[in-house]
Each structure stands twice: as C-alpha cells, then as structure tokens.
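*Asks:* Sequence:
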Amino acid sequence: MDSNELSEQRFAELEKLQRAMLIIERDLLQAVARPARLDGQPNELVMTGGVADDSDADGIAFVRSGWHNPQLMLPRSNLQLVAYRLQDERLERLYGNYVDNVIGYEPKIRVLLEQVEDFQVEFFVKDKGAPERDGDWAESFRGTALPRAVALTITTQTHGAIRREFLISGGISDDAP
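With this note's numbering as the guide, the letters of the sequence shown map in order to residues 652 to 828.
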C-alpha cells in the first residue's frame, strides 16, 4: 500500500515537472525580437537574463508570440511579455495581457513548480567575428537581438538538477553578454 502511494506521488511530481517544461519550451520557442516598455520607458532589449533582483536565483524575461487571439476578438495582441524567476522555492512564470504595460502594473504570477532549490539560466551567443557555429555559454545576457540558444537548469528536491537547452529561432546574436 505504501509503495503504491509513493509511486503515485512520484508520478504526480513528474507530471508537474513535465508540464512546467512544456510551458517553458513553448514560450522560448516562440520568443521574438521585440522590446517591451518597462515602467513606461522605452527599452531596446529584447531578452534579459541572469542574476535578477526579484529572484532568489537567476531569471529571464522576453516577448513571445503565438498567444492565441482568434480574429483579434480579445482586447490584446498575440504577443506576450513573459518572465521566469525563483521565489521561496517556487518557480514562477510572470505575464500580463499587454506587452507594453502602464506604469504601476503588477504582472500575473503562475507557480509552475514547488520545492525548487535552484534555477540557472545560460545563453549561447556568437562571438564577434567568429564563424557562425562558434560561440560560448554566458551566465547573463542583455541583448537587442535574441541569443542563439538558452539553457535552463532547474534543481528540485525530488529530481535533482535537470538541464534543458532550447535553440532560439532567429537567434544569431552578435551582442556581448
């Protein structure tokens, strides 16, 4: 009996992890090179990441496309500003209805995973003047173009460290991290 309950609990935790990874993958694969206004101020950065002030570990923020809005019936675009952070051992996805939010807007927060010990983000960027396939992984990124790839390492109490690497469509950045 105890073995069955433990097995069901582990399976449920694995399903939560898979669901979180699918959400993150969907967002990153639909990243677009579009800056968003921050606190009402113009901004040229299309993706930022690394150590974040509002996160207990790393964080990442970018604009994604593909947010379904059939026949533009909803009062929003199909673009969405999203961010990920770690707070109080919870991996959170922050988002809003508009890419360029008004001053004082508080984003909506969705908890993707709990009991997360660490969240690390790395960015694969092309070296200036190097051949197309050459580049290095950087721990932080603030770019006016998308990086070539993003790697996330999520460390949980149950599953340990899990690393996923995502190739970013159109990401051929020459920006220095």
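Note that these hints are calculated values from the structure, not bench results. Cβ coordinates follow ideal geometry from the N, Cα and C atoms, glycine included. Treat each hint with caution, since some may be false.
[Stated by the list, open to error] Straight line, CA to CA, 16 Å or less: simulated EDC-like cross-link-like pairs of lysine to aspartate or glutamate:
(1) Lys759 / Asp705
(2) Lys667 / Glu740
(3) Lys777 / Glu790
(4) Lys777 / Glu765
(5) Lys667 / Glu765
[Unchecked claim] Quick list of simulated restraints, FRET-style, between CB atoms:
(6) Trp788 / Gly811: 19 to 27 Å
(7) Asp704 / Arg815: 21 to 29 Å
(8) Ser654 / Ala684: 47 to 55 Å
(9) Ser820 / Asn748: 39 to 47 Å
(10) Ser654 / Leu680: 20 to 28 Å
(11) Ala812 / Leu673: 25 to 33 Å
(12) Val702 / Ser654: 22 to 30 Å
*Asks:* For every hint, state whether the structure bears it out.
*Replies:* Hints versus structure:
1. Lys759 / Asp705: 14 Å, holds
2. Lys667 / Glu740: At roughly 15 Å apart (the allowed maximum being 16 Å), Glu740 and Lys667 satisfy the hint.
3. Lys777 / Glu790: 14 Å, holds
4. Lys777 / Glu765: Violated - the C-alpha atoms of Glu765 and Lys777 are around 34 Å apart, more than 16 Å.
5. Lys667 / Glu765: Given that 16 Å is the threshold and the Cα spacing comes to 9 Å, the pair holds.
6. Trp788 / Gly811: 19 to 27 Å: 20 Å, holds
7. Asp704 / Arg815: 21 to 29 Å: 24 Å, holds
8. Ser654 / Ala684: 47 to 55 Å: 51 Å, holds
9. Ser820 / Asn748: 39 to 47 Å: 24 Å, violated
10. Ser654 / Leu680: 20 to 28 Å: 38 Å, violated
11. Ala812 / Leu673: 25 to 33 Å: Because 19 Å falls outside the window, the suggested range is violated.
12. Val702 / Ser654: 22 to 30 Å: This hint is violated: roughly 42 Å between Cβ atoms.
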